[in-house]
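Chain B: place on chain A using the hints.
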Amino acid sequence: EVQLLESGGDLVQPGGSLRLSCVASGFTFRNYAMTWVRQAPGKGLEWISSLSGNGADSYYADSVKGRFTISRDTSKNTLYLQMNSLRGEDTAVYFCAKPASFYYFDSWGQGTLVTVSS
Amino acid sequence: DIQMTQSPFTLPASVGDRVTITCRASQSISNWLAWYQQKPGKAPRLLIYKASTLERGVPSRFSGSGSGTDFTLTINSLQPDDFATYYCQQYNRFPYSFGQGTKLQIK
Chain A
2 EVQLLESGGD
12 LVQPGGSLRL
22 SCVASGFTFR
32 NYAMTWVRQA
42 PGKGLEWISS
52 LSGNGADSYY
62 ADSVKGRFTI
72 SRDTSKNTLY
82 LQMNSLRGED
92 TAVYFCAKPA
102 SFYYFDSWGQ
112 GTLVTVSS
Chain B
915 DIQMTQSPFT
925 LPASVGDRVT
935 ITCRASQSIS
945 NWLAWYQQKP
955 GKAPRLLIYK
965 ASTLERGVPS
975 RFSGSGSGTD
985 FTLTINSLQP
995 DDFATYYCQQ
1005 YNRFPYSFGQ
1015 GTKLQIK
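Taken in order, these protein sequences are the chains called A and B.
Per the working numbering: the first sequence = residues 2 to 119.
Per the working numbering: the second sequence = residues 915 to 1021.
Source of the hints: derived by calculation from the structure; they are not laboratory data.
Worth double-checking, as some hints may not be accurate.
[Stated by the list, open to error] Computed list of lysine-lysine pairs in DSBU-like fashion (alpha-carbon distance at most 35 Å, straight line):
(1) K1021/B x K956/B
(2) K956/B x K66/A
(3) K44/A x K77/A
(4) K964/B x K1021/B
(5) K953/B x K1021/B
(6) K964/B x K953/B
(7) K44/A x K964/B
(8) K44/A x K956/B
(9) K44/A x K1021/B
(10) K1017/B x K964/B
(11) K1017/B x K77/A
(12) K1017/B x K66/A
(13) K77/A x K1021/B
(14) K66/A x K964/B
(15) K956/B x K1017/B
(16) K66/A x K1021/B
(17) K77/A x K66/A
(18) K44/A x K66/A
(19) K66/A x K953/B
(20) K77/A x K956/B
(21) K1017/B x K953/B
(22) K44/A x K1017/B
[What the hints assert, rightly or not] Which stretches of chain A does chain B cover? Using the computed rule of at least three CB atoms under 8 Å from a CB of chain B, they are:
(23) 27–35
(24) 57–67
(25) 72–85
C-beta: ideal position from N, C-alpha, C; glycine also.
With the rest of the complex left out, here is chain A (with noise of 0.2 Å):
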């Protein structure tokens, strides 16, 4: 059964940093491209950044491209985002998610919630 587990969410101020990690089980990590989605307070889905399975192409969207960074270590089986210079914009739940053969994901993380206040 594939697992996602995010962590590392918390309260943080604006200007701040963050790393948020996603363990993950169930698969071959490695053969899998990973992505990392996230939902603003009553809001919608908003793809934010992928990794590819070797961590050779990375991709982000414009909201978040050169304040944060999407990682992974495959020896752990974990996917990171670090998030800098974070704003009150980016305060989220951010789910990791994992694709089926294609950029459609079809596993998800349970979340972890990010809050950027003063």
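Relative to the frame of chain A, chain B by itself:
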């Protein structure tokens, strides 16, 4: 970037109804479209991919159609468990994008 526009924003319906949700892409995405269901406080659940292929375990009352720019999700004979928010997502090219969601609510 490809914009995804869903309609309606909210959809009042009753158990047993047949409902249709529309998703329009700002440019052609072939059939690279997925549909998800989300309930409050939960992660999204994949329903349909490649515009019309039902994900394993999803009830057959759900169906999808369309290609190019116009897509629909249809739910036949609504069940109480179906009242949720539905999202479309294009995966034709980065940046991948979701529709704004359609909340299916009890009439």
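Each hint tested on the structure:
| no. | hint | result |
| --- | --- | --- |
| 1 | K1021/B x K956/B | holds, 23 Å |
| 2 | K956/B x K66/A | holds, 27 Å |
| 3 | K44/A x K77/A | holds, 32 Å |
| 4 | K964/B x K1021/B | holds, 31 Å |
| 5 | K953/B x K1021/B | holds, 17 Å |
| 6 | K964/B x K953/B | holds, 22 Å |
| 7 | K44/A x K964/B | holds, 25 Å |
| 8 | K44/A x K956/B | holds, 13 Å |
| 9 | K44/A x K1021/B | holds, 22 Å |
| 10 | K1017/B x K964/B | holds, 22 Å |
| 11 | K1017/B x K77/A | violated, 38 Å |
| 12 | K1017/B x K66/A | holds, 30 Å |
| 13 | K77/A x K1021/B | violated, 48 Å |
| 14 | K66/A x K964/B | holds, 28 Å |
| 15 | K956/B x K1017/B | holds, 14 Å |
| 16 | K66/A x K1021/B | violated, 42 Å |
| 17 | K77/A x K66/A | holds, 26 Å |
| 18 | K44/A x K66/A | holds, 21 Å |
| 19 | K66/A x K953/B | holds, 29 Å |
| 20 | K77/A x K956/B | holds, 26 Å |
| 21 | K1017/B x K953/B | holds, 10 Å |
| 22 | K44/A x K1017/B | holds, 11 Å |
| 23 | 27–35 | violated (count 0) |
| 24 | 57–67 | holds (count 4) |
| 25 | 72–85 | violated (count 0) |
Checked against the numbered hints above, the structure breaks hints 11, 13, 16, 23 and 25 and satisfies the rest.
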